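Student: Chains as they are written, first to last, in the working numbering: chain A, 172 to 508; chain B, 172 to 508; chain C, 172 to 508; chain D, 172 to 508.
A couple of the hints might just be wrong.
[Unchecked claim] With a straight-line Cα cutoff of 27 angstroms, these simulated DSS-like cross-link-like pairs (lysine-lysine) come out:
| hint | chain 1 | residue 1 | chain 2 | residue 2 |
| --- | --- | --- | --- | --- |
| 1 | A | 275 | D | 259 |
| 2 | D | 202 | A | 247 |
| 3 | D | 247 | A | 202 |
| 4 | C | 259 | B | 275 |
| 5 | D | 247 | A | 275 |
| 6 | B | 202 | C | 202 |
| 7 | A | 259 | D | 202 |
| 8 | D | 275 | A | 247 |
| 9 | D | 259 | B | 259 |
| 10 | C | 259 | B | 202 |
| 11 | D | 275 | A | 259 |
| 12 | C | 275 | B | 202 |
| 13 | D | 335 | C | 403 |
| 14 | B | 247 | C | 275 |
| 15 | C | 335 | D | 403 |
| 16 | A | 403 | A | 335 |
| 17 | D | 259 | A | 202 |
| 18 | D | 275 | A | 202 |
| 19 | D | 202 | A | 275 |
| 20 | C | 202 | B | 247 |
By construction, these hints were calculated from the structure, which means they are not laboratory data. No experiment lies behind these values; they were computed from the predicted model shown.
Protein chains: 4
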Amino acid sequence: MTDRSFDILLMGRSSIDLYANDVGAPFPEIKSFAAYVGGCPTNISVGTRRLGLRSVLLTAVGADPVGDFILHFLEKEGVNKDFIPRKKGHRTSAVILGIEPPDKFPLVYYRDNCADIELTFEDVLAAPIPACRVLLISGTGLSREPSRSATIFAVERAQACGAKVVLDLDFRPDQWHDARAFGVTIRSVLRLTDLVIGTADEVKAGALSEDIYVSVEHSQVSGAHVSGDVLKAVDTILSLGPEVLALKRGGDGTTVYLKSGEQIEAATFPVEVHNVLGAGDAFASGFLYGYLKGWDWHRAARMGNACGAIVVMRHGCANFMPYEQEALDFIDERGGF
Amino acid sequence: MTDRSFDILLMGRSSIDLYANDVGAPFPEIKSFAAYVGGCPTNISVGTRRLGLRSVLLTAVGADPVGDFILHFLEKEGVNKDFIPRKKGHRTSAVILGIEPPDKFPLVYYRDNCADIELTFEDVLAAPIPACRVLLISGTGLSREPSRSATIFAVERAQACGAKVVLDLDFRPDQWHDARAFGVTIRSVLRLTDLVIGTADEVKAGALSEDIYVSVEHSQVSGAHVSGDVLKAVDTILSLGPEVLALKRGGDGTTVYLKSGEQIEAATFPVEVHNVLGAGDAFASGFLYGYLKGWDWHRAARMGNACGAIVVMRHGCANFMPYEQEALDFIDERGGF
Amino acid sequence: MTDRSFDILLMGRSSIDLYANDVGAPFPEIKSFAAYVGGCPTNISVGTRRLGLRSVLLTAVGADPVGDFILHFLEKEGVNKDFIPRKKGHRTSAVILGIEPPDKFPLVYYRDNCADIELTFEDVLAAPIPACRVLLISGTGLSREPSRSATIFAVERAQACGAKVVLDLDFRPDQWHDARAFGVTIRSVLRLTDLVIGTADEVKAGALSEDIYVSVEHSQVSGAHVSGDVLKAVDTILSLGPEVLALKRGGDGTTVYLKSGEQIEAATFPVEVHNVLGAGDAFASGFLYGYLKGWDWHRAARMGNACGAIVVMRHGCANFMPYEQEALDFIDERGGF
Amino acid sequence: MTDRSFDILLMGRSSIDLYANDVGAPFPEIKSFAAYVGGCPTNISVGTRRLGLRSVLLTAVGADPVGDFILHFLEKEGVNKDFIPRKKGHRTSAVILGIEPPDKFPLVYYRDNCADIELTFEDVLAAPIPACRVLLISGTGLSREPSRSATIFAVERAQACGAKVVLDLDFRPDQWHDARAFGVTIRSVLRLTDLVIGTADEVKAGALSEDIYVSVEHSQVSGAHVSGDVLKAVDTILSLGPEVLALKRGGDGTTVYLKSGEQIEAATFPVEVHNVLGAGDAFASGFLYGYLKGWDWHRAARMGNACGAIVVMRHGCANFMPYEQEALDFIDERGGF
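Please model the complete structure; the sequences and the hints are all you need to start from.
Tutor: Here it is in structure tokens:
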């Protein structure tokens, strides 16, 4: 399967990400924002590309200068953007973010009527899924139609042609009409997925049902708190399809749970936290790099942890993903895998 | 499980059904319409109730006289309506139908912004799912949010408390933003279903993906034509979860396909076709009656066929469902099961 | 101006009107509905046509059998329907009505996402406004975009080419996001109108602002009760543009108020009330007939009253409008104008 | 009337305005954006406040950090923000802008489902219109419901209590479903306005109808090109109500047209153009300052031109409005009024 044209096709949201330059300032006192590119699958498309993989992105942008901004960046990075439609009458997504380490990262999504949720069956049929080794989708792409059905259709196609399917849970509660609809929808697609990536809160939101309670503090939609038992949630998810679940535990490292019951711990690399946003996508990039190289789970997760640790010291998401040699050196300098 | 309070909870759409009194007249020349109650799960709630089952309906109506019309009818029929919410700002669904036998039954759905698609998680949590032996959902209930997530959530709850789940495919292409989204969505819920009921076209629409072609003639949304191989479609559906698929073949009888590969033919009762609308729901009522009695598949399907044959000779849907003795007599008079 | 091709162009809503055949029955007990055509401007198009005027209707219908039903009827009546677009993805409007004389006429509008509110600038530009002596618009056509702007644009065009503009207030509170928006919008167009027709409640809803209170009983959206002083409201309306306001006072006859301060009373013709729905549009038809004939206000209003009285004894709207000789005979038999 | 509590109430949109820090860079190459506050009425609220007027702003923001950002700024500036509602489920508006002098200023509005278009009758009733000498509304506030009706209602209230009404045309074609709907709507409210402010293109868009052609280059929605004769447009507008129209002609100064036919030219102050965005709102601030001081039109327009010239040399909108003494000194240094 390594003779396929692309290593990984990533499907879902993209955005201009506006990161506060005034680190530590309360949101109302921010003076300027750096302009980056973001969105879970978009970040991972750049992250995997920088690590040397052949990445192709299936997102959508509007017919506006912000769309140009995103496409220009992807071009520069070498991510294949040939299958990205422009959606007239829909805006390219935008996110405005504050940075108040260590624990407040408020963010405001501009996603009403956005372009990337307009992906259709036709867009999926036009994309080179049969030419890819892995398809990655993200939870937010399942939040609304027509993207929801198109995303599941893409997964069905991937499975039909032997590509592996990775689901990044990407739980953003304000993108769902009811936070519980996230779980219902995730559980509906797990039968089609091989590998799931998420935080403890995301795993709980995906696996648990009636009694879950979701809360968001400091407008940090990327880090909703979800009630419930994470181990039970891991079991539920693995029972519904996937072979593997990679649980991102931030400063506590990563745990890889296998369907067999085995679990692998991968310690993190201790660094000073500047900005947690994007670190999860950096992890996914490194982890999938290892996965596609055929590495064992521990080594893949350590690679993911390294990429995450590098980004956590930096300002933004896609624009700050480490390159292959950079990540390997980083690990090397810290005692190796 | 027979000690549960209800035999069957039916979830999904309801409507005032306005049936042309001028049978055979082209639509523009219709002079008057009879007013009945309809909608796949609503029809089956009445059909099963008339056969003696304890039925409870989870639909929603608007705060309007048409809502009163539906609730009044359910009350009269003895279907439990205690869990039906009224949705302010949303209209009770309506359908206007022409009758031109043998083959034209144009229908017009008034379902924009309708009440029954507004069913929520809260409505599901309020409904007595744990007190039911069977939960029936229908495809149209999965066509839009919030009903889609609420319906899947109901199915998860039913499964968790040991109730059997029946899916009536109920494919109405104009209720979906893309006809292929129907299949994607159906396939997502099959893992949770025990028994599927549908016509050949519905089964194909649910099982097949990329190359399907859907067409509707004479505005007969209830009988869309779908391209593809029905046996392959049956296999696909059974491979994704259900134990049983009952294929309604109209005048050609019913075939019950089991996961084991076995298939049971149940001949129909030949009658003169007056109006095919509602016959499928009558079949479902009789079939589920047999299922809940613990009958074998052939006998259950024959009961379904009898109920369908009776309704096909009549004018409308819910209002014309046969009573238990009536159906048994009908079978008896025609040589028995 | 009498050499123009059409006497009157009517712009706005149309519908299939389903009238209870069970007169007097509470809504939930209705057994069947007669199928007619309705909608304020559509009714008047037929009413004026039957009186001998050359009428052209600018409404819109969906690509559905109900649209065929309406067009078929217009064709039969001889109303020009050449400029009526079909709006894909939008439903032909429908109304379901109960009849409980003397005072309950519940009605349920199916107008969510309806075709006739989709009239655009292009539709107006295609219509033969310069070839008409009179343009009639109705309040409901101003309730939502794009019809709102298109309707005002039509009025501007009519004024520019010397056609008279008639506004039928047609206040249906459930068609507005806020009942007060009706008044705001009506007042915005009065500068462009020559003649206003309405009931006391409609006149108050159009003229008064902050303190008005609107209530609807028995779901009779066609007869909302509006608080306030009707004479003050008449003055307000006449101060904002129109030369004439015809106040329909039901059984109490009609009062025609002129900008000059003069007011003309026209007594009604006493008949037994069978169904008030449509009587107002019959009045408008007769009144505009007289207006276009150049009759004095009293004679025109008496003609309107006669047409209204005839329809009030009948079952529906457009289908029951009187013909010219019929109305003149009716008046003659009752002592003349 | 000078004993009223406020000099001016401004109603309409507000936003976080993100201005490219990389002046001259093509949009896709922008590295960071300065964060300011903007939106026509919001800019003028700050502009008039800095000139010493007592300003009160009636806009709406979302329940998000961007809303905090705007309110925090208004607080600091001393603009009364007590009547600004937060709209749950609606986003605070945002604008992202590039700066490529002399003639390209692309901008991207994030206004889908935005908070400020959700202003209602209740919000207007809660605002201190009777306590204000002047009410200013802007064209964009008329683009959609519920803001459209609420804005006209505010104007009716202002007129009823003797406040003067100013309309800033603020034509942003992408905020209208059809560019011609702008004109239709503007003409509907002119009877209620005393003073109109706009550019030549805005005046043409407001006054002309069928044959106008609107085009936008370089995504500069703030500077649409509109076909037609500006003098004819000025006449049309003045014939429909207002006493005065102030035509902003950019580098060519300002012409004030009176209903009497008189026209007053006010030369501009030549400066180097850094960024035209916000200059028009600075003009309005200075012009209304003079108007409220009772100055003659020439002097008021020169004050407006001075404020505009100062802002044109600067980076943003509201944050760069000149203070009273600053503007007066600027004029003084350049030869006086």
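Student: Hint by hint, note whether the structure agrees.
Tutor: Each hint, compared with the structure:
no., hint, in the structure
1, 275/A / 259/D, "holds, 22 angstroms"
2, 202/D / 247/A, "holds, 14 angstroms"
3, 247/D / 202/A, "holds, 14 angstroms"
4, 259/C / 275/B, "holds, 22 angstroms"
5, 247/D / 275/A, "holds, 24 angstroms"
6, 202/B / 202/C, "holds, 14 angstroms"
7, 259/A / 202/D, "holds, 26 angstroms"
8, 275/D / 247/A, "holds, 24 angstroms"
9, 259/D / 259/B, "holds, 19 angstroms"
10, 259/C / 202/B, "holds, 26 angstroms"
11, 275/D / 259/A, "holds, 22 angstroms"
12, 275/C / 202/B, "holds, 24 angstroms"
13, 335/D / 403/C, "holds, 24 angstroms"
14, 247/B / 275/C, "holds, 24 angstroms"
15, 335/C / 403/D, "holds, 24 angstroms"
16, 403/A / 335/A, "holds, 25 angstroms"
17, 259/D / 202/A, "holds, 26 angstroms"
18, 275/D / 202/A, "holds, 24 angstroms"
19, 202/D / 275/A, "holds, 24 angstroms"
20, 202/C / 247/B, "holds, 14 angstroms"
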